[in-house]
Amino acid sequence: GAGVSQSPRYKVAKRGQDVALRCDPISGHVSLFWYQQALGQGPEFLTYFQNEAQLDKSGLPSDRFFAERPEGSVSTLKIQRTQQEDSAVYLCASSLTGTFLSYEQYFGPGTRLTVT
Amino acid sequence: DQQVKQNSPSLSVQEGRISILNCDYTNSMFDYFLWYKKYPAEGPTFLISISSIKDKNEDGRFTVFLNKSAKHLSLHIVPSQPGDSAVYFCAASPRGGSNYKLTFGKGTLLTVNP
Chain L
1 GAGVSQSPRY
11 KVAKRGQDVA
21 LRCDPISGHV
31 SLFWYQQALG
41 QGPEFLTYFQ
51 NEAQLDKSGL
61 PSDRFFAERP
71 EGSVSTLKIQ
81 RTQQEDSAVY
91 LCASSLTGTF
101 LSYEQYFGPG
111 TRLTVT
Chain P
117 DQQVKQNSPS
127 LSVQEGRISI
137 LNCDYTNSMF
147 DYFLWYKKYP
157 AEGPTFLISI
167 SSIKDKNEDG
177 RFTVFLNKSA
187 KHLSLHIVPS
197 QPGDSAVYFC
207 AASPRGGSNY
217 KLTFGKGTLL
227 TVNP
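So the sequence lines, in the order shown, correspond to chains L and P. Heads up: the first sequence begins at 1 in the working numbering, then just goes up one per residue. Heads up: the second sequence begins at 117 in the working numbering, then just goes up one per residue.
By construction, these hints were calculated from the structure, which means they are not laboratory data. C-beta: ideal position from N, C-alpha, C; glycine also. Don't take each hint at face value.
Said to hold, decoys possible - Covered stretches of chain P, going by a simulated chain L footprint (3 or more residues, C-beta under 8 Å):
hint, region
1, 158-166
2, 190-201
3, 217-228
To be verified - Have a look at the derived ranges for each label pair, beta carbon to beta carbon:
hint, chain 1, residue 1, chain 2, residue 2, range
4, P, Ser-190, L, Glu-71, 16 to 24 Å
5, P, Asn-183, L, Ser-7, 29 to 37 Å
6, L, Ala-2, P, Ser-214, 39 to 47 Å
7, P, Gln-197, L, Glu-71, 41 to 49 Å
8, P, Ser-128, L, Asn-51, 43 to 51 Å
9, L, Leu-96, P, Ser-214, 16 to 24 Å
10, L, Ala-53, P, Asn-229, 44 to 52 Å
11, P, Gln-197, L, Gly-16, 41 to 49 Å
12, L, Gln-80, P, Asp-175, 37 to 45 Å
Given these sequences and hints, build the entire structure.
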């Protein structure tokens, strides 16, 4: 079946621009996660949704970062007034459940954001 | 402060031999450990996991060992195959209400030479 998809795959933004990154999780998956992966680093947790509820946004680096999942399926990560330090790969993951079976996170291919 | 550490950025082995990837952690609240494999331009894919109540878990050519007292785990791949060449990430999740939150190491690039 279809996996997690993300769009766009690559995004170049000028410093100060706003960007929106989209994630389509696996159909029926309750939980959705966003991670940020800087060059040479492992993914770092940003935020977690269970259905449409954002249960944890502790990893969002600043108030320029905003995520939503209004209907409990597709999610959008928005970054306002992008800065060079925002350059990274943004990974989305989904899982059937988010708590007990936390290991079953299926990742998308990521969106590589470059801020110039 | 890196709570999950993979101290070897890269590892090169011959096809057919054993690959051993290591991971250390500092947070004693970590309760579940996972290994993910990542090919270029793809997202990480789950490989194998282990609960803190076990010290070994095996799945085909892949075995994960956990030494809780040393806060150390390792992934053994035997025999190694060229298709195993990828970046391997160690990850951990805590017990309790935040057990959805994965903390990753920086990864180890494994190259298996034919």
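Here is what the structure says about each hint:
1. 158-166: holds (count 6)
2. 190-201: With 0 residues closer than 8 Å to chain L, the region 190-201 of chain P misses the three-residue bar; violated.
3. 217-228: Satisfied; 7 residues make the cut.
4. P:Ser-190 - L:Glu-71: 16 to 24 Å: With a Cβ separation near 43 Å, P:Ser-190 and L:Glu-71 fall outside 16 to 24 Å, so the hint is violated.
5. P:Asn-183 - L:Ser-7: 29 to 37 Å: Since the Cβ atoms of P:Asn-183 and L:Ser-7 sit about 42 Å apart, the hinted range of 29 to 37 Å is violated.
6. L:Ala-2 - P:Ser-214: 39 to 47 Å: violated (29 Å)
7. P:Gln-197 - L:Glu-71: 41 to 49 Å: Holds, since P:Gln-197 and L:Glu-71 (Cβ atoms, about 43 Å apart) stay within the stated range.
8. P:Ser-128 - L:Asn-51: 43 to 51 Å: holds (45 Å)
9. L:Leu-96 - P:Ser-214: 16 to 24 Å: Because 18 Å falls inside the window, the suggested range holds.
10. L:Ala-53 - P:Asn-229: 44 to 52 Å: Distance hint for L:Ala-53, P:Asn-229 holds at roughly 48 Å.
11. P:Gln-197 - L:Gly-16: 41 to 49 Å: Holds: the Cβ-Cβ distance is about 47 Å, inside 41 to 49 Å.
12. L:Gln-80 - P:Asp-175: 37 to 45 Å: holds (43 Å)
Consistency with the previously given hints fails for numbers 2, 4, 5 and 6, ordered from lowest to highest.
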